[in-house]
Amino acid sequence: MDLSPVTDALAVKSFDKIADICDTLMLQVAAEGISFHDDWPYAIHLLGYFYLDDCDSARFLWKTIPASVKESKPEVAAAWRIGQKLWTRDYAGVHEAIRGFDWSQDAKDMVAAFSDVYTKRMFQLLLSAYSTITIRDLALFLGMAEDDATTCKLSFSEISSASSVLLWDNTRNVIA
Amino acid sequence: MSTVEAVITSIQGLSASSGDLYALHDVLKGAVDSLRTDSELQLSTLDQLDPSKHSLGYLYLLDVLTYGPVSKEKVLLIARFINACDAVQIRLASEKFVSLCKRFKDKVLELRDPLLGVAPLLAAVRKVQVSTKRLTALHPDCLQLCLLAKCYKAGFSVLSDDILEVDQPREFYLYCYYGGMICIGLKRFQKALELLYNVVTAPMHIVNAIALEAYKKYILVTLIHSGQFSISLPKCASTTAKSSFKTWCTPYIEVGMRYNDGKISELEAVVVANSSDFEKDNNLGLVKQAVASLYKRNILRLTQKYLTLSLQDIANMVQLANAKEAEMRVLQMIQDGQIHALINQKDGMVRFLEDPEQYKTSEMIEIMDSVIQRTIGLSKNLIAMDESLSCDPLYLGKVGRERQRYDFGEDFDTVPQKFSM
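Protein sequences, first through last, are from chains U and P.
By the working numbering, the letter at position 51 of the first sequence is numbered 51, and the numbering carries on one by one without gaps.
Each number in the working numbering comes from the position in the second sequence (counting from 1) with 176 added on.
Source of the hints: derived by calculation from the structure; they are not laboratory data.
Hints may contain errors.
Claimed, not checked - Between beta-carbon pairs, the in silico distance windows are:
| no. | chain 1 | residue 1 | chain 2 | residue 2 | range |
| --- | --- | --- | --- | --- | --- |
| 1 | U | Asp102 | P | Gly461 | 51 to 57 Å |
| 2 | U | Arg121 | P | Gln488 | 27 to 33 Å |
| 3 | P | Gln366 | U | Ala112 | 35 to 41 Å |
| 4 | U | Glu146 | P | Gln488 | 24 to 30 Å |
| 5 | P | Ile543 | U | Arg121 | 36 to 42 Å |
| 6 | P | Lys278 | U | Arg121 | 43 to 49 Å |
| 7 | P | Lys464 | U | Pro74 | 29 to 35 Å |
| 8 | U | Ser14 | P | Gln488 | 44 to 50 Å |
| 9 | U | Val12 | P | Lys439 | 52 to 58 Å |
| 10 | U | Asp102 | P | Ser406 | 44 to 50 Å |
| 11 | P | Ala192 | U | Ser35 | 51 to 57 Å |
| 12 | U | Arg89 | P | Ser247 | 44 to 50 Å |
| 13 | P | Glu501 | U | Arg121 | 42 to 48 Å |
Said to hold, decoys possible - A few chain P residues that don't get close to chain U, going by computed Cβ distances all over 10 Å:
| no. | residue |
| --- | --- |
| 14 | Asp239 |
| 15 | Tyr328 |
| 16 | Thr415 |
| 17 | Thr416 |
| 18 | Val506 |
| 19 | Gln508 |
| 20 | Leu518 |
| 21 | Lys536 |
Every residue gets a Cβ at the ideal spot worked out from N, C-alpha and C, and that includes glycine.
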C-alpha cells in the first residue's frame, strides 16, 4: 500500500490537505480489494478532519474503523478522544485530550499544528462572542495557565479586529 | 477459429475509429448467445485485451463472464475495468454497462464491503453520463453505496449537478431520497429539503414506500431548518400524497405539532412515547436533532423581542437548567453563526446584535453573482420547457377538451356567457 502522498504532505506540513488526500487514497485502495484497515494511518486521517474543523466526517470515519483497530491502536483512540470533545463542544476538554497522550513521531507535528489552529479559532470565537470574560474562563478556553492567557491575549492582537475584550476577575480589571 | 478467438480478433482489429466501433458492436451483439455457451471463454481470455483501448469488446466479454455467480476476483476485475474503460466506447452500449455496474453493486453489498464499490461507481456515473443534467440509472446505486460506506463527502460530489432530465421515476425518487440522506449527514439541511421536497411532491397514483419515508424525513428536516411545521403538504403535491401520507406518519405529525407549540418538555414526552417507531425507521438521531433545534429556535425567538437579556432569564424562558448552560448554548449558536450576540460575563447579560454582514465583500459579491447566473440558466431552461410543452399534442388535446367552443371561427378567447348561441 503506497502511502507516499500522505507522508509527503506531512513532510511539507500541508496539514489542510491531509483529509482530502486520505479520503481519495482510501477509496482507491479499497477499490483494489486490499485489506488496509490494519495499516491505515487512522490517527492522521482523523487529525486531518479536526484541522479543517470537520467533526461530521471524523465521526463517520470513526464509525467505519473496525473494533480490532480501535482496541489495538491507542493513538487512534486518543485522536478520537479529541474528536469527542470537539463534538460535545467541551472547549477546555479538547486541550486536555491533546495533552493527555504521548503522540508518536509521525503525529506530533500534526497535533501541534492542530492545537495551534484550534487555539486561534477559540480566540476568534471569544473575541466575537464576549464583551467581558473572566480570566479563568479565558485560560480554560485557550488551554493555558491564567498568566499566560493574559499575555497571549496581547500577542494575538494582530489577528483580532479592533474590538477589545474586557478581562475580569474578582480582583482586577484588565483592558486589552 | 473458435467463436472466442474470432471475437477477440474482431475486438482487437475494430476498436480504433468510431466507424469500426459500430461494426464491432454489431459483431458483438450477434456473438453474445454463442459466447454464453462457449466454455473456452475464461477470465484469462481477457488478458489479451486492453480495457482502455478495447472497452466495448471487454464490456461484452466481461458481461458474459459475470452472468452467473460472481467471485471476489471477478468483482475486482469489474472495478479495474470501470476505472480504466473509455467513456466514448462505453456509451455505445450504455444499458449493458449499467447492468454490469448494478451487478457489481449487488455483489459488493453481498460481500459486505460497500467501500470497495464507491470509487468505481463514482467513476462509472461520470463515464456513462452523457450530460451533467441527465440522471442515469447509476446515480442512486452510487449514492446507496456512499451511504452504506459512510462516504458522505464523496456522495455529495454526485449531488452537486442540477438534474433536469429524468428517464425513470423510480430512479429519480431513489436519487432524491438517498441524496436527501447524504445532505442530512453533512448537515446541509437546505439542500436536503429541496431533494426530499421533490420526492414528496412528485406525481403519484398510489403511495409508494420511498415517498413515505421521504416525507417522514422531510417533516424532521423542516423543523430543524426552518422551525415551522405545516400539517398541509405543499400545493403541488399529488392528491394521493395529500390524502394518504398523514395516516402513515402520525408520530411525526405529532412531533411537528408539539414543536410548533414551542414547549420542550411536551416535545420530549412525545419523542419518548414514540421512540420505538422512530428507531424502527432509523430516524431517532434526526428526531433528537430536531429536539435540540427547538432550544435554538426558542433562543432565536428571544432575539426578536429583546435587545439585552440576562443569562438567568434566558435559562428560565427556554427551560434550561442554569445560567451557565444558557451561556454555553448561546456561545454555540454564535460559533455556528446562528445568532449574533455579545455575552457579558461580568453582569451575566447577553446583548443581541444585528447581522454585521453588509454584503460588501468581494466573496459575497462572487456568491451573489454565481446565484444570479444559476437563476438565469434555470429560467432559460424553464422557458424552453414551457415552449416545448405548449407544442405537445397530449397537452394540447387535454386543454382543448376543457375549453368552451363557440361556433364563431377558431377564436378561443373567453367570451361572456350571454353571447353564446
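How the hints compare with the structure:
In this structure, Asp102/U and Gly461/P break the distance hint of 51 to 57 Å, their C-beta atoms being roughly 35 Å apart. For the pair Arg121/U and Gln488/P, the beta carbons lie near 29 Å from each other, so the given range of 27 to 33 Å is met. Hint check: Gln366/P to Ala112/U, Cβ distance near 37 Å, so the stated range 35 to 41 Å holds. Distance hint for Glu146/U and Gln488/P: a CB-CB separation of about 26 Å, consistent with the stated range 24 to 30 Å.
Against the hinted window of 36 to 42 Å, the Cβ-Cβ separation of Ile543/P and Arg121/U comes to about 23 Å, which falls outside the hint. Under the hint 43 to 49 Å, the C-beta atoms of Lys278/P and Arg121/U, about 45 Å apart, fit the expected range. Separation of Lys464/P from Pro74/U is about 30 Å and conforms to the stated range, judged on CB atoms against 29 to 35 Å. Evaluation of the 44 to 50 Å hint for Ser14/U and Gln488/P yields a pass: the beta carbon distance comes to about 47 Å.
Evaluation of the 52 to 58 Å hint for Val12/U and Lys439/P yields a pass: the beta carbon distance comes to about 55 Å. With their beta carbons about 55 Å apart, Asp102/U and Ser406/P fall outside the hinted range of 44 to 50 Å. The hint said 51 to 57 Å for the Cβ distance between Ala192/P and Ser35/U, and at roughly 40 Å that hint is violated. At roughly 48 Å, the beta-carbon separation of Arg89/U and Ser247/P lies within the given 44 to 50 Å, and the hint holds.
Checked against the hint of 42 to 48 Å, the pair Glu501/P and Arg121/U fails, with Cβ atoms roughly 22 Å apart. With a minimum CB-CB distance of about 20 Å to chain U, Asp239/P clears the 10 Å threshold, and the non-interface call stands. Distance to chain U contradicts Tyr328/P as a non-interface residue, since its nearest Cβ pair spans about 6 Å, not more than 10 Å. Interface exclusion of Thr415/P from chain U stands, the closest Cβ pair being 38 Å apart, more than 10 Å.
At roughly 36 Å from the closest C-beta of chain U, the C-beta of Thr416/P stays outside 10 Å, upholding its exclusion from the interface. With a minimum CB-CB distance of about 8 Å to chain U, Val506/P fails to clear the 10 Å threshold, and the non-interface call is violated. Listed as a non-interface residue, Gln508/P fails to keep its Cβ farther than 10 Å from every Cβ of chain U; the least gap is roughly 6 Å. In this structure Leu518/P is not separated from chain U by more than 10 Å, as the shortest Cβ-Cβ distance comes to only about 4 Å.
Against chain U, the non-interface label of Lys536/P holds: every CB pair exceeds 10 Å, the least being about 16 Å.
Taken one by one, the earlier hints fail for this structure at numbers 1, 5, 10, 11, 13, 15, 18, 19 and 20, listed in ascending order.
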